[in-house]
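For reference, the chains in residue letters:
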Amino acid sequence: MFATEADLAAFKAKVRAAVLSNDLATIGGLIGVAPDAIEANRDKITMVMHKHRLEMRDTLFADRRAAFEWLKTRGHTDVRGGKLPARLADLDARP
Amino acid sequence: MADLAYRSNSTGGDSSFTTATISATVPTGTAAGDGMIIVYDSAFLAGGGAPTHTTPSGWTAMGTGTYNNGVLEGRKTFYSLVAGTIQAETLTSSGNAAHVYCRLSYQNPDPANFASTVVELFGLLASTSSPVFPTITTNSSRQLVLYTIGATLVGGITYTPASSGLTERSDANTLGVYELQTTTVGAQGTKTISSSSADQFFYGIAVFQSNLTGALTGVSGTGAVGTAKSAIDKAITGNAGTGAVGAVTNVVSHALSGNAATGAVGPLSVDLARALTGVAATGAVGTLVANVDYGLSGNAAAGAVGTVAQGTSYGLTGAVGTGAAGTVVSNITYALTGVSATGEVGTLTPVTGTTLDLTGVQATGQTGTTLANVDYGLTGLAGTGAAGNLTASLSQGLSGASATGAAGSVTANLSGALSGASATGGVGTNTPTISYALSGVQATGAVGTLTAVVGNDITYALTGVQAVGEVGNVTAVGGDAEAASGAGRSRRRRQRYIVEIDEEEFEVSGPEEAEELLEQAKEMARQRATIAIERAQKAQRKPKPKILADAAKAMPVPTIEASPAIRPVATAAIAEIRQIYREAMQAVEMIALMRRADQDEEEALLLLLL
Chain A
1 MFATEADLAA
11 FKAKVRAAVL
21 SNDLATIGGL
31 IGVAPDAIEA
41 NRDKITMVMH
51 KHRLEMRDTL
61 FADRRAAFEW
71 LKTRGHTDVR
81 GGKLPARLAD
91 LDARP
Chain B
1 MADLAYRSNS
11 TGGDSSFTTA
21 TISATVPTGT
31 AAGDGMIIVY
41 DSAFLAGGGA
51 PTHTTPSGWT
61 AMGTGTYNNG
71 VLEGRKTFYS
81 LVAGTIQAET
91 LTSSGNAAHV
101 YCRLSYQNPD
111 PANFASTVVE
121 LFGLLASTSS
131 PVFPTITTNS
141 SRQLVLYTIG
151 ATLVGGITYT
161 PASSGLTERS
171 DANTLGVYEL
181 QTTTVGAQGT
191 KTISSSSADQ
201 FFYGIAVFQS
211 NLTGALTGVS
221 GTGAVGTAKS
231 AIDKAITGNA
241 GTGAVGAVTN
251 VVSHALSGNA
261 ATGAVGPLSV
271 DLARALTGVA
281 ATGAVGTLVA
291 NVDYGLSGNA
301 AAGAVGTVAQ
311 GTSYGLTGAV
321 GTGAAGTVVS
331 NITYALTGVS
341 ATGEVGTLTP
351 VTGTTLDLTG
361 VQATGQTGTT
371 LANVDYGLTG
381 LAGTGAAGNL
391 TASLSQGLSG
401 ASATGAAGSV
411 TANLSGALSG
421 ASATGGVGTN
431 TPTISYALSG
441 VQATGAVGTL
451 TAVVGNDITY
461 ALTGVQAVGE
471 VGNVTAVGGD
481 AEAASGAGRS
491 RRRRQRYIVE
501 IDEEEFEVSG
511 PEEAEELLEQ
521 AKEMARQRAT
531 IAIERAQKAQ
541 RKPKPKILAD
551 AAKAMPVPTI
561 EASPAIRPVA
571 TAAIAEIRQI
581 YREAMQAVEM
591 IALMRRADQD
601 EEEALLLLLL
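Read top to bottom, the protein sequences are chains A and B.
The opening position of the first sequence corresponds to residue 1 in the working numbering, with each subsequent residue numbered one higher.
The opening position of the second sequence corresponds to residue 1 in the working numbering, with each subsequent residue numbered one higher.
The hints are simulated quantities; they were obtained by calculation from the structure and are not laboratory data.
Treat each hint with caution, since some may be false.
From the derived model, a few chain B residues whose C-beta atoms are all more than 10 angstroms from chain A [what the hints assert, rightly or not]:
1) W59
2) G65
3) A162
Straight-line Cα separation of at most 30 angstroms, DSSO-like style, residue types lysine-lysine; simulated pairs [to be verified]:
4) B:K522 with B:K544
5) B:K542 with B:K522
6) B:K553 with B:K522
7) A:K14 with B:K538
8) B:K522 with B:K538
9) A:K12 with A:K44
10) A:K44 with B:K553
11) A:K44 with B:K522
12) A:K14 with A:K44
13) B:K546 with B:K522
14) A:K12 with B:K542
15) B:K553 with B:K542
16) B:K546 with A:K44
17) B:K538 with B:K553
18) A:K12 with B:K544
19) A:K44 with B:K542
Source: prediction; values computed, not measured.
Beta carbons are placed, not taken as given, at the ideal position from N, Cα and C, and that holds for glycine.
Can you make the complete structure from the sequences, with help from the hints?
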């Protein structure tokens, strides 16, 4: 579906940004909802947004050690006791 | 009539999610009558349902399938068209989506049934770098199976066909298209593609029909037969060989009718150009010579006759010699009629330099020679007794000629239609060198070879071909072979397959039954997931961790073991069940999340992460 890795990365970045900013219009657009039908489909779009938040969280937990290491490089010093202090916003900057 | 022949393809893609359509351009060189195929994939961000596709005007929508891998939710559709307008087509999804397509053109499509009746297959594969297409069962030989595979989570993937028989037709925009030209009917076996990266691939398989697929039905072989081969184009009818026959050779162009040879006959030679009618030789006859220019009629020699001679110039009639006649000579100038000699007759000779009729000349008794030395029509000549030769050296129409006795040969050196030719006795070879439909071909008894040799490979129906006796081989070249029964069927040892689900063993007959069994397990998982979600919806007051724990407890992933031969099927089933439960758990969790929709998002997410 994505001709290049760059195309895929652009898509993921678009989703991540939309989820983090609670951008219903963008999420709606990505699931085929026309711009003038966003409000009418608010519940559906909200559910999709939650779903992708969970996907992102699951991805983070699946690669917990990598997350710790990355957070350290970002100057997070409170990475102790197996806890991830990161806010979801931090995910947006992950490579 | 030929197999489908690939001409070219066009491809395209757009993953911007900013448009609901994409234009499928015409493959280079596409010509009127080509079979055209479009494989169209599009996808939304997962969660809202897969896109729906609008069929381009005039095209036939074949199968369509959907997938949801958690990131994308997509649909693949096959379209086909024969003899329609050749133009770029707009492929339309139900909203702004990512699109990719491959459009192909093929020569020699079946104009009426290019899209075969075989049901298309679709599926999402577990992550792998060696995706395997399941087997598809074709319903005719000479079909083309089109395998398509698309990456769903990884960008820039390329493919290489790993299974023999696959020919790559396109590898662009992470959509690979491969074709298999079938030579057999039935299951085509699994096919493997090698991918440049692992991914969850969404595949589609469709079957297309060439115009070279005429049905071959009713072929059966029973008993001892050498070989019955069909390598023909069209119908041959009514050929039959019975018993032992030498050869039947037809090298004619036009009609030869009513010829018959019975018994022992010497030679019967006809080398004439005009009508010779009523000529007959019976018994022992010396010589009957007609060397005339004019009408000689009613000449007969019977018994012992010396000579009846006519030295007339004009009509000699009624000359008679009776008893021991020496010579009857007519040396007159005009008509001689009623001349006859009876008894011992020497010679009856019309030694005319005549130019007019000699009628009623007759010699009875021992006949020497009857000579007609005239110039016109010779009719009603008859010699009775042992015949030596009967020679007519005339020059027009010959009809009704017959010889009775032991026949040597009858040779017709003509050039017209041959009908009703038949030979009865021991059959050597019956070879028709023609090129149309062959039906009702039958050989009975001890058969050498029955061969229909015609121009091309099979194109049309070959029906009712049957050989009776002990069967060697029945070979249908290029047709749809049906089962042949008789000697030679080997016995196979039945293999035992075991599937173990949660320590309970099930014996199955093979992969297909294993799939049915595992499909039941998957269906049970779907039911459990549905129940768990319903319980979560009803659990209004339970805390979220409790809801999640209850759901997880209600959806235990079963342990599944299987015999090595069917283990891949079991592994795939486990993966699918895990995916079912995983999606259900997400649904349960979302139910809880949706109740807190009014809470601050960052706080909620922080709780989730801690």
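Hint check results:
| no. | hint | result |
| --- | --- | --- |
| 1 | W59 | holds, 22 angstroms |
| 2 | G65 | holds, 15 angstroms |
| 3 | A162 | holds, 22 angstroms |
| 4 | B:K522 with B:K544 | holds, 27 angstroms |
| 5 | B:K542 with B:K522 | holds, 29 angstroms |
| 6 | B:K553 with B:K522 | holds, 17 angstroms |
| 7 | A:K14 with B:K538 | violated, 35 angstroms |
| 8 | B:K522 with B:K538 | holds, 25 angstroms |
| 9 | A:K12 with A:K44 | holds, 20 angstroms |
| 10 | A:K44 with B:K553 | holds, 28 angstroms |
| 11 | A:K44 with B:K522 | holds, 27 angstroms |
| 12 | A:K14 with A:K44 | holds, 19 angstroms |
| 13 | B:K546 with B:K522 | holds, 26 angstroms |
| 14 | A:K12 with B:K542 | violated, 34 angstroms |
| 15 | B:K553 with B:K542 | holds, 15 angstroms |
| 16 | B:K546 with A:K44 | holds, 25 angstroms |
| 17 | B:K538 with B:K553 | holds, 17 angstroms |
| 18 | A:K12 with B:K544 | holds, 29 angstroms |
| 19 | A:K44 with B:K542 | holds, 24 angstroms |
The structure does not agree with the numbered hints 7 and 14 stated previously, though it agrees with the rest.
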